[in-house]
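Trainee: Residues per chain, in single letters:
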Amino acid sequence: MRLTLHVWRQAGPDQPGKMVQYEATDISGDMSFLEMLDVVNERLTDRGEVPIAFDHDCREGICGMCSLMINGVAHGPMKGTATCQLHMRSFKDGATIYIEPWRARAFPVIKDLAVDRSALDRIIQAGGFITAPTGGAQDANSILVPKESVDTAMDSAACIGCGACVAACPNSSASLFTAAKITHLGLLPQGQPERYRRALSMVQQMDLENFGSCTLHGECQEACPKEISIDTITRMNRDFIRAGIMGTRP
Amino acid sequence: MTVHLDARIPTGPLADKWNRHRFEMKLVNPANKRKNTIIVVGSGLAGAAGAASMSELGYNVKCFCFQDSPRRAHSIAAQGGINAAKNYQNDGDSIYRLFYDTIKGGDFRSREANVYRLAELSVNIIDQCVAQGVPFAREYGGLLANRSFGGAQVSRTFYARGQTGQQLLLGAYQSLERQIKRGGVAMCPRTEMLDLVVINGKARGIVTRDLVTGEIASHTADAVVLATGGYGNVFFLSTNAQGSNATAIWRAYKRGAAFANPCFTQIHPTCIPVSGEYQSKLTLMSESLRNDGRVWVPKVAGDKRDPRQIPENERDYFLERKYPSFGNLAPRDIASRAAKEVCDDGRGVGETGLGVYLDFADAIKRLGRAVIRERYGNLFDIYQRITDENPYEVPMRIYPAVHYTMGGLWVDYNLMSTIDGLHVTGEANFSDHGANRLGASALMQGLADGYFIIPNTIGDYLASNKLEKVDAQHPEFKAAEAQVAARTKKLLSIDGKRTVMSFHRELGKTMWDYCGMSRNEAGLKTALAKVRQLKEQFWKDVNVPGSDAELNQALEKAGRVADFFELAELMCIDALHRRESCGGHFREESQTADGEALRDDENFAYVAAWEYAGDSEAPILTKEPLVFENVKLSQRSYK
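If you read the sequences in order, they're chains H and E. Letter by letter, the first sequence follows residues 0 to 249 in numbering that gives the first Met the number 0. Letter by letter, the second sequence follows residues 0 to 638 in numbering that gives the first Met the number 0.
Hints listed in this document are in silico derivations from the structure and should not be mistaken for laboratory results. Every residue, glycine too, gets a C-beta built ideally from N, C-alpha and C. Treat the hints with caution; some may be incorrect.
[As the list claims (entries may be wrong)] Simulated pairs of lysine-lysine, DSBU-like, Cα-Cα distance not exceeding 30 Å:
| no. | chain 1 | residue 1 | chain 2 | residue 2 |
| --- | --- | --- | --- | --- |
| 1 | E | K32 | E | K201 |
| 2 | E | K253 | E | K539 |
| 3 | E | K524 | E | K508 |
| 4 | H | K146 | E | K364 |
| 5 | E | K556 | H | K17 |
| 6 | E | K631 | E | K16 |
| 7 | E | K488 | E | K253 |
| 8 | E | K16 | E | K32 |
| 9 | E | K496 | H | K17 |
[To be verified] Interface residues of chain H toward chain E, partial, derived using beta-carbon atoms under 7 Å:
| no. | residue |
| --- | --- |
| 10 | E34 |
| 11 | D56 |
| 12 | C57 |
| 13 | C62 |
| 14 | M64 |
| 15 | I109 |
| 16 | L143 |
| 17 | P145 |
[Stated by the list, open to error] Simulated restraints, written as ranges between beta carbons of each label pair:
| no. | chain 1 | residue 1 | chain 2 | residue 2 | range |
| --- | --- | --- | --- | --- | --- |
| 18 | H | R102 | E | K298 | 54 to 60 Å |
| 19 | E | E350 | H | Y97 | 30 to 36 Å |
| 20 | E | R531 | H | D138 | 50 to 56 Å |
| 21 | H | E41 | E | D5 | 45 to 51 Å |
| 22 | H | T95 | E | P323 | 53 to 59 Å |
| 23 | E | K253 | H | D206 | 46 to 52 Å |
| 24 | E | E388 | H | E41 | 24 to 30 Å |
| 25 | H | T24 | E | E214 | 34 to 40 Å |
| 26 | E | Y139 | H | M245 | 31 to 37 Å |
All chains should be built: construct the whole structure from the sequences, respecting the hints.
Mentor: Printed below as a string of structure tokens:
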């Protein structure tokens, strides 16, 4: 395959960036998108140019480190697939591909296609946990969890924290990410004592981090590589409002 | 100058050792804990669990990871499950059985006391994880579900779909984030440890490079814990994440920590086969698939028919044939070797001939598509995405790939290395899996080390040692910083003709060919010569673009690959010296008449701990004899 790439190049956080065109030749359809970028980078290096920086690690769709807006779509054209699991056979020979970083105020660019997503960690810090210090746990089978609850909780717990939902959202909202954690923990009996406090604190933190508000466009669930549903956002809103009514303190 | 290896195994009956040891260990006064700083490098299961748990106790913890968030550590990719001797299924499981299975699975090359403790703690891990909200699979009544897993005849594996590692890591990560918010842990992401600082014989801190700014900095501590994972990426192609590396443990080795059993690597039988030269990694298909999938190749070499057209009687279900009692569930090392054998025999499948079928047709017939989808749906999806083939219709093709390293830094019962104050947890140490790790045991070990062992044993170290104050201006820190800076400059200044990746790929191929699934003396000697030559060439001809004051992924990789060369050499030296076959280490010179691995307990029932003696000196071998008081050494048989 032969491809024309337009890639966002930006030397550092405070530097101006621009799209740069590269020709990618001899690309195999069996390559993953990131392997295609590896090949491009190898050739740039051989030519004495600086390779394109992009985040990646596990390359099996679970660590959430890879990102990339591909032709304006977070993680590219294949539904339910992270960039690292996208293969070049999804593109036509001769295609032009635009590759950009996640764009959101809360995700400043570090270099080229790599962005800073630490805001997502701080949302988890605000309450995305069950307080269960090591050592005091009762026997695992003494907590009964209906299969339906745990299966639905698992659907949300599958979030890989990549930030595609934010990048896809016209408001740059982190609602799907936040709601997924609130739903995962809020559906389990172990998560009940902190349920409303959790919703309140996490939503407040999301606002503090400069993420936008949710207007239920639904772009996030389209972009989510784990296909997490925006039903979780309804659940988050319900818990958040209930926390307000009950006078819950963060 | 050889190190003295005292494993410090507590006396008394096996089942009482850990309990007794916990009582005998010294405690740090609660008010004094916050005065102690502990550095944890790595944020996977062992690192995150350890950092969070020590912070909960009141210690001042500093945690480092090279990824952008601690949640991305490679533990996250573990699919299948975690073992625990809960015996919830009433199928005869017990702590002793899990202990025995693990010792035997490791081909009797691990310590009884460590493994028993691991089995004992396995039950606490499940309790802890459930309390944190880990969504393990459940039965309709709400009780936990189990499945059987590679090499075990009882159902003791707990799982969360095919994402068990992810869910366990998120549990630990969330506890860690809670401690970060509380101020108990200072988290340093996108930061790489590039040296260990030892002052007066004790580990007192590390030198790091900030991967975004390039800043080189010193961090002081009262104790250092390395939880930096395994070194499978020596082989270039492995199931490890791209960033997984050996630099932290290798730097520690060069500062005096002994490296144990470096040649013990695990080749996992069920991975998606290699498809091209550009390939950057291999993807594991959880071996839970072997519960329902049947492994086969055509009986006749060169049979290129569509697998669905090959009739039953022309198929060789080689695992079922060779190991009738374990069948498709034979342990990883055995299943991998069997696959290699049939491929060497010319009966491999797929374009490259390096593959065997894993067929679900019978299981789908027996259980229905829906059940198979429920059990393995996400794995089937991954497979289809990568290969463009539908495993519900066509048998999967699988081939072994490097997956885990049993070897690692030598540690005593307290998980302390041969350097005082330097502790090593999880895959980075050598302690519990002997020469072969059983499925669903890595998660167990990472969490046992992190949640339950290190928070206890670190206190004993701190309470037993009077540590003088050190600060980052100490000459040892300054010297280490200068060395790190010089090495970075050197890598950038070579300005040669070959990329880091091309060197890494060549190193990996050499290791896979000569120090992979089977090894022999001539091959290992060839590998040693090749690796040395390649290393020399690397330092003359590598091309590392960019500068040191920015995010420079080529530079990061160059440093890691430079260390892989040295480690690869040690792996070959170790493999060469161990003239027996055991577990994942198959020496062709040592096999039974029917081609099975032949152990030599008389001469090799020991841990081989290697000590660094200088760049141009041969490493020094010290042996820790393995004493078996409870189990009888037997030839491992899964027939």
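Trainee: Does E:K32 lie within 30 Å of E:K16 when you go C-alpha to C-alpha?
Mentor: Given that 30 Å is the threshold and the Cα spacing comes to 26 Å, the pair holds.
Trainee: Look at the Cβ atoms of E:E350 and H:Y97 and judge whether their distance stays inside 30 to 36 Å.
Mentor: holds (33 Å)
Trainee: Interface hint check: H:L143, Cβ to nearest Cβ on chain E, cutoff 7 Å. Holds or violated?
Mentor: holds (3 Å)
Trainee: Take the C-beta atom of E:Y139 and the C-beta atom of H:M245, compute their distance, and say whether it sits inside 31 to 37 Å.
Mentor: 33 Å Cβ-Cβ, so the 31 to 37 Å window holds.
Trainee: Tell me if the interface restraint on H:C62 is satisfied: Cβ within less than 7 Å of some Cβ in chain E.
Mentor: With a closest approach of 4 Å, the H:C62 hint holds.
Trainee: Return holds or violated for the Cβ distance of H:E41 and E:D5 against the range 45 to 51 Å.
Mentor: Distance hint for H:E41, E:D5 holds at roughly 48 Å.
Trainee: For the hint on H:P145, just tell me whether its beta-carbon gets within less than 7 Å of chain E.
Mentor: holds (5 Å)
Trainee: Between the alpha carbons of E:K488 and E:K253, is the straight-line distance 30 Å or under?
Mentor: holds (20 Å)
Trainee: Range hint 53 to 59 Å: satisfied by the CB atoms of H:T95 and E:P323?
Mentor: With a Cβ separation near 57 Å, H:T95 and E:P323 satisfy 53 to 59 Å, so the hint holds.
Trainee: Take the C-beta atom of E:R531 and the C-beta atom of H:D138, compute their distance, and say whether it sits inside 50 to 56 Å.
Mentor: Holds, since E:R531 and H:D138 (Cβ atoms, about 55 Å apart) stay within the stated range.
Trainee: The hint says 24 to 30 Å between E:E388 and H:E41; measuring C-beta to C-beta, is that right?
Mentor: holds (28 Å)
Trainee: Going straight from one Cα to the other, do E:K496 and H:K17 come out at no more than 30 Å?
Mentor: Satisfied, since the Cα-Cα distance of roughly 29 Å is no more than 30 Å.
Taken one by one, the earlier hints all hold for this structure without exception.
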